[in-house]
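J.: Single-letter residue listing:
Protein chains: 2
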Amino acid sequence: MGKEKKFVRDITPMDQDFAQWYTDIVKKAELTDYSSVRGCMIIRPYGYAMWERIQKDLDEKFKATGHENVYMPLFIPESLLNKEKEHIEGFAPEVAWVTHGGDEELTEKLCVRPTSETLFCEHYAKIVQSYKDLPKLYNQWCSVVRWEKTTRPFLRTTEFLWQEGHTIHATEEEARKETRQMLDIYADHVENMLAIPVIKGKKTESEKFAGGVDTYTIESLMHDGKALQTGTSHYLGTNFAKGFGMQYSDREGKLQYVHQTSWGVTTRMLGAIIMVHGDDSGLVVPPRIAPIQVVIVPIAQHKEGVLEKANELKELVSKVSRVKLDDSDKMPGWKFNEYEMKGVPIRLEVGPKDIEKNQVVLVRRDTREKTIVPMDQLETAIPKLLDDIHNSMYERAKTRMEEKTSIAKNMDEFKDAVDNKTGFVKAMWCGDEECESKIKEVTGASSRCIPFEEGNVSDEDTCVCCGKKAKHLVYWGKAY
Amino acid sequence: MGKEKKFVRDITPMDQDFAQWYTDIVKKAELTDYSSVRGCMIIRPYGYAMWERIQKDLDEKFKATGHENVYMPLFIPESLLNKEKEHIEGFAPEVAWVTHGGDEELTEKLCVRPTSETLFCEHYAKIVQSYKDLPKLYNQWCSVVRWEKTTRPFLRTTEFLWQEGHTIHATEEEARKETRQMLDIYADHVENMLAIPVIKGKKTESEKFAGGVDTYTIESLMHDGKALQTGTSHYLGTNFAKGFGMQYSDREGKLQYVHQTSWGVTTRMLGAIIMVHGDDSGLVVPPRIAPIQVVIVPIAQHKEGVLEKANELKELVSKVSRVKLDDSDKMPGWKFNEYEMKGVPIRLEVGPKDIEKNQVVLVRRDTREKTIVPMDQLETAIPKLLDDIHNSMYERAKTRMEEKTSIAKNMDEFKDAVDNKTGFVKAMWCGDEECESKIKEVTGASSRCIPFEEGNVSDEDTCVCCGKKAKHLVYWGKAY
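If you read the sequences in order, they're chains A and B.
When you number the first sequence by UniProt numbering, it's gap-free, plus one each residue, and the end is 480.
When you number the second sequence by UniProt numbering, it's gap-free, plus one each residue, and the end is 480.
One thing to keep in mind: the hints can contain errors.
One copy or two, it doesn't matter: identical chains are merged, so the pair holds either way.
What the hints assert, rightly or not - Think about it this way: if two alpha-carbon atoms lie no more than 25 angstroms apart in a straight line, the pair counts; the simulated DSS-like pairs of lysine-lysine are:
no.	residue 1	residue 2
1	Lys324	Lys61
2	Lys409	Lys469
3	Lys314	Lys132
4	Lys202	Lys85
5	Lys200	Lys132
I should point out that these hints are in silico values taken from the structure, not numbers from a laboratory.
Since the model is a prediction, treat every value here as computed from it, not as a measurement.
With the rest of the complex left out, here is chain A (with noise of 0.2 angstroms):
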C-alpha cells in the first residue's frame, strides 16, 4: 500500500482541487501535452487510440443510416462566411484569419474554418437540382479552430478534432426526423460506448446553434457537478438554403428551398470520461473503448516459466479482447499503479503460485474487486468481466446524477440546490429570456434544456423566476 500512497499523491485529490486533478489526469495518464502553440493540444497515443475507438463506432452508425463522408477545404473566404448573416455573427469574433500565402499577401483573407456548413451550402447548391438528388446526407471528420482565450485539454482548446455531418432534404418533416435520429445515434454511442447516461433535449433559443432554427442536445452530469454537452443536432430549416440559394425541382416542377440539419460530437467526450469515470488514482477507461482492456502483469517474472506462461495467456486472451503484457523490468506495484493510472478496465496477475493452480488473478479497475479465474475459463470469463464493469460504470454514474438532480420550485430553492448539492435543477420556466438570463446572472446556471421525456406541464406549473405560467420544465446547469 506504500507504494500506492505515494502514487496518488502525485495527483491533486478530486475533492481538493476538481480542476488541478483533471489536468493532472490528462497529463499522467499522457493523453495530451501541451507544444509552442498556445491552446492548442497535442492528442499523444493512448488519446488518440481513444478517440479512433469512438469514431469507428460512430462511423459505422453513420454509414448504417446512409451517410456519406467527404472532404471540404479548410480555409473559408471571408465573403462565403459572411452569406449567412446570424452565423457569421457568432463565429466571427472567434475565427483565425489567413492573410498571406508564400509572400503574397491575399486579396481576400481566409478563416480557417469554425465549422463548414457554408462550404457545404455552396457545394449542394451546385449538385443539387431535383428532388431525385435529395437527400444529400453528408458527413466529414475534419478539424477546426475557434480562438479562445483561456483553454483546457478536451474542453475548450483552440483547435479541435470533431465530425460535422451536413444533410439536406426534400421535406421539413424529413429533416426534422433525421436531427432527431442523429441525437439518437449520439446517445446511443454515448451510453452504450462510453458507459455515460445523458439527458435529451432541446435547447432554449438563447443557447441554439447561430443560424439555425431548433439545437437538440445531449447532456451530461460530470464528477464536481457540472454539465456536459456532449453532442449537438440542429435543425436548421431553410435559412441558408435562402442565403445560399440551396433549391430543388419539385414533382410538379416547382422551385422548393431545402431543408438542412447538422449536427457533431468533439474531442470534448474524451474530456466527459475523464470526469465523469474518473477517481483519484486516475483515468477509468470504459471497455468497450479502451485502447488496452486487459494488462497482464507477470509476477516475480524472472522465476522459470513466468514470462512464457504470460505469453501463452496473452495469446489466449487476445482472441476476446486487446491485451498487454508488460514485461519490463519494472517492479509489479509499478506497473498496477500505471495502469491504474491509465484506467486499463482489468489487469491479469500471473505468478509462480497461480501457475501451479492453473489460475490467474482478475483486478477490476472501477471496484478494485479481485477475482481468481481458472486458465481455461477466461476465454468466457473476460468479455463478461468487460461487460460487468461497463453495466456498472454506466449505472454508478446514473445513480450519482439522479442524487445530484434537485427540483427547485423558487429561487431560493434554485440557489440552495446550486450551491450546496451542485449537479442539474430541474426547475419550470415561462419561456421568457429575461428569465433566463436572470436566472444564469442570480444562480451560475445556464438552461441546459428542456428534456423530451418528463416534459409535462400542468396548469398550476408556475416559472421558478417570476411565478407566471410556466411553458417548460428545464435542466438549469453549471456548464462547461
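Assemble chain B onto chain A, guided by the hints.
T.: Same frame as chain A, now just chain B:
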C-alpha cells in the same frame, strides 16, 4: 453502341488532350469539385471512399509494424519553424500565415502546417530521456497546406490530405531500416491494392527532402509517359535532433542524439489511379479499393420478378464483395455508361431471359469482356474475377511502363527518348549536380531515382551528359 459514343463524347479523348481528359474524369466521375476557395478541392463521397480504403489498408500496415497514431496542432509558430535552417528554407516560400485570431493581431504569426516535423521534434525532445523510451514510432493522418500558384485536383492543391510518419531511434542502423521498411510498405500497398507497378530507389541530393540525409521514393509511370512520385520515406539523420535537442542517455548514461525518419503518402495516389488505369470511357478503379466492386443493373426491370431477383442477387453477392443495385428508373444503357465512367470493376446484368436460365452476365470494366455465369456460382466467380481484374490491371500497367522505358547512352538518344518515346529514360550519371541540371534544362526530364535494383555500374559506364566515369544508373523522366 450509339449511346456509348454519345457518352464518350462527353470526355475529351486522352490522346487529344491528356490534361483535359484528366480534369473531365475527376469532375464527371464525381471525385472532386471546386469551391470558392482557390486552389483547394472538395473531395466528394466517391473519391473520399477510395481514400478511406487507402487509409484503412495503410493504417493496418502501420499498426502491424508497431506505429501509433497521434494528432499534432494545425499551426506552427514562426520561431519553431525556423529552428532547422534547411527545413525553413525549403518550406517558407509556400506556407499560409495566420496573423489574426478573433479581433486581435497575433504577436507571433503562425503558419498552417506544410508538414509537422518541427512539432514532432519539439514533442519528442520533451518526452524522451533514456534509451528505454526509444524507438518512438508515431504517425498522423491530417491535411497540410502549401501555397500553390497553379493547381490540379489531387496532383497539386493548396491543401491536401496525407499521412506523415515521424520516428526516432537510438541508432542510424535502426532508423535506416525503418526508412526502408516504410518504403516497402508503400510499394506493397501501391502494387497490391492500387495495381500500380513502382520503381523503388533513392533521390539525388538535389531532389531530396529539405533538411534530410536520404530520401527514398517510389515512382510510377502515368498513361502519358510522365512520372509520378507516389510515396517517399526520408532518413533525416541527426539534423533535426541537433536543432531541437532530441537526446537520450544510452546504456552507459552518455547523451546521444536520436536518429530520425519521416515518410508520407498523399491524396496524389488518387491522381495516380486515374492516370495509370483510366481510359476514354472514364475511371477504372482497382478492385481492392473500389467503393463499389459490383454494380447490378437489372434489364427490363418493370417485368415481373426482375427486381425481386436483382435484390436476391444483391444479398448473395454482398457476402463476397461491395455491391450496389441500381434500381432507379434510368435506362440500362445510361446506367452502363455511368458506372463505366465511375470505373466500377464488374457490372452484373440480369433480365428476364437470364432469370429463365438461372444465369447472369458479368462485364469487366477493364477489358469489357463479358461472361455468362450460373447464379449458383456467383459466390466463387465474383472474388475470382475481382482478383483477375486486379492482376491484369497491374500487368497491363507494368507492360506499358516497360515499353515506355528507354535506355540512353548519349544526349541525342536521351532527347529522342524524351520527345518521341516518352516515359522513363535509364541513363548513367557521374553524380555531378551540374550534369543533372543540364539534363533537365535540355530535355525537360528530372532525375526520378537511383534504383535499388539493377543499379550496377561497371568501369566502362560513362555519364550520359559529360562523358566522365559514371557513378549511378538513374531513372529520368518528365514528372508531375
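J.: Now look at each hint and say whether the structure bears it out.
T.: For each hint, the structure was consulted:
no., hint, result
1, Lys324 x Lys61, "between (28 angstroms within a copy, 19 angstroms between copies)"
2, Lys409 x Lys469, "within (13 angstroms within a copy, 95 angstroms between copies)"
3, Lys314 x Lys132, "between (53 angstroms within a copy, 23 angstroms between copies)"
4, Lys202 x Lys85, "within (23 angstroms within a copy, 54 angstroms between copies)"
5, Lys200 x Lys132, "neither (33 angstroms within a copy, 48 angstroms between copies)"
The earlier numbered hint that this structure contradicts is number 5, and it is the only one.
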